[in-house]
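Engineer: Residues per chain are reported as follows:
Protein chains: 2
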Amino acid sequence: MSQSPAPDTLTSSLAEPLIAAEDGAGMGQLSQFLPYQLSVASNAVSALIAERYRKRFALKIPEWRVMAVLGDLDAAAPEDGPRPGMTQRALTDATLMDKVAVNRACKVLEERGLIARAPNAADGRSHIMVLSEEGRAIHREVLPLALATEREMFAGFSPSEEQRLRAMLERLRSRVDELAQGGS
Amino acid sequence: MSQSPAPDTLTSSLAEPLIAAEDGAGMGQLSQFLPYQLSVASNAVSALIAERYRKRFALKIPEWRVMAVLGDLDAAAPEDGPRPGMTQRALTDATLMDKVAVNRACKVLEERGLIARAPNAADGRSHIMVLSEEGRAIHREVLPLALATEREMFAGFSPSEEQRLRAMLERLRSRVDELAQGGS
DNA sequence: GCCGTGTGGTTTCATTAGTAACCACTTTGC
DNA sequence: GCAAAGTGGTTACTAATGAAACCACACGGC
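Here the protein sequences come in this chain order: A and B.
Here the first sequence is numbered in the numbering used here, starting from -11 and rising by one per residue.
Here the second sequence is numbered in the numbering used here, starting from -11 and rising by one per residue.
Careful: at least some of the hints might be erroneous.
Identical copies carry no separate label here, and so any pair may be met within one copy or between two of them.
[To be verified] Below, simulated DMTMM-like cross-link-like pairs (lysine to aspartate or glutamate); rule was C-alpha separation at most 25 Å, straight line:
1) Lys43 <-> Asp165
2) Lys43 <-> Glu166
3) Lys48 <-> Glu138
4) Lys87 <-> Glu39
5) Lys48 <-> Glu166
Source of the hints: derived by calculation from the structure; they are not laboratory data.
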């Protein structure tokens, strides 16, 4: 469990309080605390993904999430019809992100020309965000990267394990949401 | 609500580019993207825990992690001997946090009198962080809260499920670490 | 119509987290 | 012993996140 890390020369009768605690592996309770494990795993995953998006497309995660939702919507629409889009409000719902985060993401995406804002005839307060042609192109490129990364990460998981993991995360999330508002 | 998203030269009679995308539930690919699910679940869990620690003890998560490690160490030591402790360096290893984060956490903990810094005879650059009596008392209170919260969150999970989840998270993390440095 | 209230969006501000520079001390090679 | 290089810790700076204030328009009642 622990060894004395000090190649110390001191060996007085009285105790020196020092301890090893080598990393991650076998120590203490913290590493067995599930919220901790979850956080560590999630951070690692996010960091890797962020890295890749950034290197290839200069996209941050919030930006990519917006692209993902819009691109998904776009792909679902008939190729010859008008391009579909959605308001920032709808995007916040779809991504579970803060409305400020969505706004910022849209802003930079617009500046980069990946999305355009069309006026919303139905509500003058909002606009409709639509992927530009370039945005669609990037989405077509970035989506496979995302999926490939996902596959890489879960290379060691059987499909059923992966499915179980998804289900557990979903259950966990809804349970925690419950607790967060006072439910037991 | 009818409006073409296309830039200026739109017009005509066209379908409306609108949008449903109600929240979380059934939409698109994003919600099936595992890194996303992981991030959402982890954020929810962390938020709930942070809430509770903050309300009860005015501790933030990094601070609590330090307390947890030190407290764990302390509890493992014989009750009558000298109190054990560890350097900030060891704490960064044990918590997987940044050394700056550890330093900040230690600083506020010291200011609050929950830990003390003892000189390190073996290395003049560092000190040894040890829980104060009050720190030990808080740890004795906060640890049960942490464990209770964990149990609440996983109320719907069978022990074997919980175990499987832990194992998967651990596997995932090490796999991602691998990928992060270039391994395939 | 004209108000009061509500909501989408934006800006501003305070917190937080992470990076890079820095100092003090230690360790290693000569 | 002394210079060079490395490491623990700290500080300063910069980017990211979230909350609150705010504006413009929408909707309901009158």
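Engineer: All hints, please: hold or fail.
Structural biologist: We went through each hint and held it up to the structure:
1. Taking CA atoms no more than 25 Å apart as the test, Lys43 paired with Asp165 passes between copies only; the shortest distance there is 18 Å, against 34 Å inside one copy.
2. Taking identical chains as interchangeable, the C-alpha atoms of Lys43 and Glu166 lie at most 25 Å apart only when they sit on different chains, with a minimum of 18 Å there against 38 Å within one chain.
3. Taking CA atoms no more than 25 Å apart as the test, Lys48 paired with Glu138 passes inside one copy only; the shortest distance there is 17 Å, against 32 Å between copies.
4. For a Cα distance limit of 25 Å, the shortest separation of Lys87 from Glu39 qualifies both inside one copy, at 24 Å, and across copies, at 21 Å.
5. In the homo-oligomer, the alpha carbons of Lys48 and Glu166 lie at most 25 Å apart only across protomers (22 Å), although the nearest pairing inside one protomer, at 30 Å, exceeds that limit.
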